[in-house]
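K.L.:
Here is how the chains run, residue by residue.
2 protein chains.
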Amino acid sequence: MTLQTKYLLDESQMPKFWYNIQADLPKALPAVLHPGTLQPIGPDDLAPLFPMELIMQEVSTEREIEIPEPVRDIYRLWRPAPLYRAHRLEKALGTPAKIFYKYEGVSPAGSHKPNTAIPQAFYNKQAGVKRLTTETGAGQWGTSLSFAGSLFDLEVLVFQVRVSYDQKPYRRAVMETYGARCLPSPSNQTEYGRSVLAQRPDHPGSLGIAISEAVELAVQREDTKYALGSVLNHVLMHQTIIGLEAMEQLQMADAWPDVVVGCTGGGSNFAGIAFPFIGHALRGGKKSRIVAVEPAACPSLTRGKYAYDFGDTGHMTPLTKMHTLGSTFTPPGFHAGGLRYHGMAPLVSHCKELGLLDAVAYTQGQCFEAGVTFARAEGIVPAPEANHAVKGAIEEALRCKREGKSETILFNLCGHGHFDMAAYQKYFAGELKDEQYDEKELAMALSGLPSVPEPA
Amino acid sequence: MTLQTKYLLDESQMPKFWYNIQADLPKALPAVLHPGTLQPIGPDDLAPLFPMELIMQEVSTEREIEIPEPVRDIYRLWRPAPLYRAHRLEKALGTPAKIFYKYEGVSPAGSHKPNTAIPQAFYNKQAGVKRLTTETGAGQWGTSLSFAGSLFDLEVLVFQVRVSYDQKPYRRAVMETYGARCLPSPSNQTEYGRSVLAQRPDHPGSLGIAISEAVELAVQREDTKYALGSVLNHVLMHQTIIGLEAMEQLQMADAWPDVVVGCTGGGSNFAGIAFPFIGHALRGGKKSRIVAVEPAACPSLTRGKYAYDFGDTGHMTPLTKMHTLGSTFTPPGFHAGGLRYHGMAPLVSHCKELGLLDAVAYTQGQCFEAGVTFARAEGIVPAPEANHAVKGAIEEALRCKREGKSETILFNLCGHGHFDMAAYQKYFAGELKDEQYDEKELAMALSGLPSVPEPA
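As they're listed, the protein sequences go chains B and A. In terms of the UniProt record's numbering, the first sequence opens at residue 1 and continues consecutively. In terms of the UniProt record's numbering, the second sequence opens at residue 1 and continues consecutively.
Worth flagging that the hints you see were computed from the coordinates, not collected in a lab. Note that this is a predicted model, so its numbers are computed, not measured. You may find that some hints are simply not true.
Since the list gives no way to pick one copy over another, a pair counts as held whenever it fits inside one copy or between any two copies.
[Claimed, not checked] Taking lysine-lysine pairs in the DSS-like style, the calculated list, with each CA pair at most 27 Å apart, reads:
(1) K6 <-> K16
(2) K16 <-> K287
(3) K440 <-> K305
(4) K91 <-> K16
(5) K433 <-> K168
Produce the complete structure using the sequences and hints provided.
P.N.:
What follows is the structure, encoded as structure tokens:
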């Protein structure tokens with residue numbers, strides 16, 4: 001018997017709208033606060049950083065927001081992305097569960113990040129912006145924004161955390177291939193960068209510093225804006241095309257998920273696969289169990305506090321209510337660089353507080369083991385971040401085996417690992433430690449959270 | 001107006017047969033000769049190296065050979081591969097030509113190589129083989145055979161040229177992820193390897209030596225066979241699924257190519273895209289111009305002799321009639337490692353002699369420039385090998401612009417460059433030299449070709 005492996009949508013079947021979960025939430029998101037006044041901010045406060053269309057999306061409660069045709073035209077370079085039935089993984093696990101995965105590694109950048117890089121570049125271009133600044137750690141986001149910039153003829157300047165800049169020159173080479181400029185951060189191009197270098201000329205950098213540098217340059221110039229790859233509401237919304245496509249494709253397979261699994265760092269790929277299903281249930285549809293999988297070394301959802309905090313270490317960004325480990329918390333240097341963030345997207349945090357999702361944490365050793373099992377069964381070598389979702393899905397499938405249930409499991413394979421083979425190499429060499437954060441440092445970071453009166 | 005970007009086939013539309021060009025050739029291939037006796041060899045002479053099914057495919061003149069269902073079942077993990085219309089590249093070039101490209105980088109290994117690795121593993125498994133040996137340079141082929149081995153539960157042992165083994169540890173990490181063993185060649189695991197190391201303990205290795213090591217181990221053990229990633233007739237035939245799918249997809253686009261372009265190293269991805277179109281014309285269908293693009297630093301088709309020669313430097317393999325630079329010729333170390341072979345597939349060489357294809361050569365600088373133009377327009381960063389096909393297609397498109405012709409150009413984008421960013425980095429740093437071979441060395445290698453009486 002021929003088993004269908006992939007469920008493909010034609011370009012004409014690609015969703016024409018993103019899904020905005022803010023329309024269906026039983027309780028609105030807590031306000032965003034100004035870092036200076038601690039008072040709720042309005043759209044104008046964000047105007048130096050983002051074009052107004054994106055700010056309006058950030059606060060919109062419309063359920064559907066139309067994907068502009070020029071964005072859809074570029075999405076077609078890799079979208080609709082395939083949905084796979086993991087026949088071989090099911091067999092390898094001996095599970096009665098049906099496992100489906102949405103594969104976002106088919107994008108030119110190799111991950112889900114272009115889903116938001118393209119519309120962000122589009123709206124900026126439309127607003128007359130000439131240049132975008134951003135930060136990147138391992139390089140997935142910087143690559144994707146560079147790709148988007150090349151298509152909309154926007155100058156892109158990426159501040160890459162210096163330790164990654166030095167260790168991972170290949171990602172930088174991809175950004176340069178797309179015509180972007182990539183600088184190690186801290187740099188001497190910004191006041192903040194120079195101040196950090198003055199204190200410590202060999203500073204290895206951090207995402208917090210890189211954000212501050214990118215923001216500093218963006219606010220200085222009228223023709224320059226800033227772009228962020230996760231966390232914000234509009235970013236998460238752009239990613240919902242993942243789940244919306246998956247819904248169509250599951251119907252082709254005559255299936256509907258009992259469980260939806262995604263990995264969480266800032267929260268965007270997770271929201272992309274999960275929010276359409278959460279919304280479906282909120283509107284009275286069948287409820288799926290939603291599982292967020294995070295790294296044990298940076299466990300914002302499972303060990304963080306739900307509180308107001310800054311998005312960056314330098315305290316230049318607005319405050320949002322989210323699950324946070326404290327903005328001064330430095331996660332240990334594990335390999336899923338995309339998941340090394342002290343906070344969590346406010347929308348994902350809010351859903352967690354509303355009981356709409358579960359969260360679990362696994363060590364990187366557990367996740368690489370799962371990733372290798374997956375690669376040997378299904379062929380695709382997942383990115384270290386995606387291995388967290390793989391691990392979550394495998395655990396659900398093994399539970400189904402124990403319980404004798406043939407549940408349907410859907411997970412998001414958010415990217416391939418072809419840029420991350422050094423991490424696999426360490427795993428095979430037995431050199432991959434399960435990095436632990438310092439409990440004392442976490443307690444200190446949490447006790448240092450800003451004291452904010454609950455806004456009216 | 002919405003422009004269609006991708007032409008997708010459903011799994012049910014995937015070809016069920018490979019195309020064997022030997023059925024349509026106006027003149028049969030010259031015989032293969034025994035390296036010792038110089039007499040034509042029969043199937044039994046190859047039995048120590050390959051399972052009989054593959055040997056029969058090697059000599060078959062049947063037009064269609066059925067793709068076994070277990071092979072098709074695995075092909076479905078990434079096939080049918082998409083055909084793209086390069087709207088953005090056309091616009092960037094300002095050409096009236098219509099450019100289509102078939103993208104083989106969607107395979108888990110990132111290239112076309114699994115198209116033959118999977119059936120080779122299948123036929124070996126069917127014949128009771130437990131272990132496959134092979135050689136690899138940069139690692140594309142070793143990766144693909146490792147992937148195939150993981151799916152058919154075959155042990156895979158890859159001899160990787162030592163200089164690549166040391167310089168490109170990431171490819172090795174992928175092979176290990178698939179459960180294969182990868183050794184640097186020359187190794188101390190074979191008699192031949194030990195003899196090389198005895199003469200020069202720090203020998204950097206070569207494909208010729210790695211082939212000899214893999215062959216030596218394969219003939220020693222009943223349960224072990226050898227697998228080759230290009231050059232042989234059956235390998236080229238497995239790749240024809242590329243062109244067969246492209247034919248279906250072009251018909252969806254209501255198009256047919258005036259020109260078909262592929263890059264040539266051993267000849268397999270080129271044959272994969274081109275042979276179905278050559279056969280179509282040989283059977284009386286519309287004729288497309290067929291263009292093989294090779295590196296100027298290793299120009300077997302444009303500068304080599306059409307003569308009998310050995311496939312390896314150690315002269316352990318049979319002799320075939322092909323375009324060769326001489327088996328003792330060492331190509332300079334340019335970046336398209338997959339195109340660094342002294343010879344050319346006998347079938348591709350034969351078609352060249354029959355006037356069925358044209359060949360051109362470009363320097364690596366020209367090809368990287370083309371690859372960057374492509375990436376900035378279409379998003380995908382091509383492998384250095386694939387850049388040769390991109391360059392060939394761009395040259396055809398610019399000719400169409402000069403001549404005011406809106407011809408249809410099809411080329412094969414055989415793989416992505418995510419493992420090759422070090423080469424792009426050198427290109428951007430201005431450190432990429434256009435490596436020249438030594439004219440004297442070429443003359444010497446050509447004058448040293450074996451003297452073989454034309455067989456009856």
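K.L.:
Take the hints in turn and mark each one as holding or not.
P.N.:
Evaluation of the provided hints:
1. K6 <-> K16: both (22 Å within a copy, 17 Å between copies)
2. K16 <-> K287: Classified as within: same-chain Cα gap 24 Å, cross-chain 41 Å, threshold 27 Å.
3. K440 <-> K305: within (15 Å within a copy, 73 Å between copies)
4. K91 <-> K16: Cα proximity of K91 and K16: across copies only (25 Å, versus 36 Å in one copy).
5. K433 <-> K168: both (20 Å within a copy, 23 Å between copies)
Comparing the model with each earlier hint shows no violations; every hint is respected.
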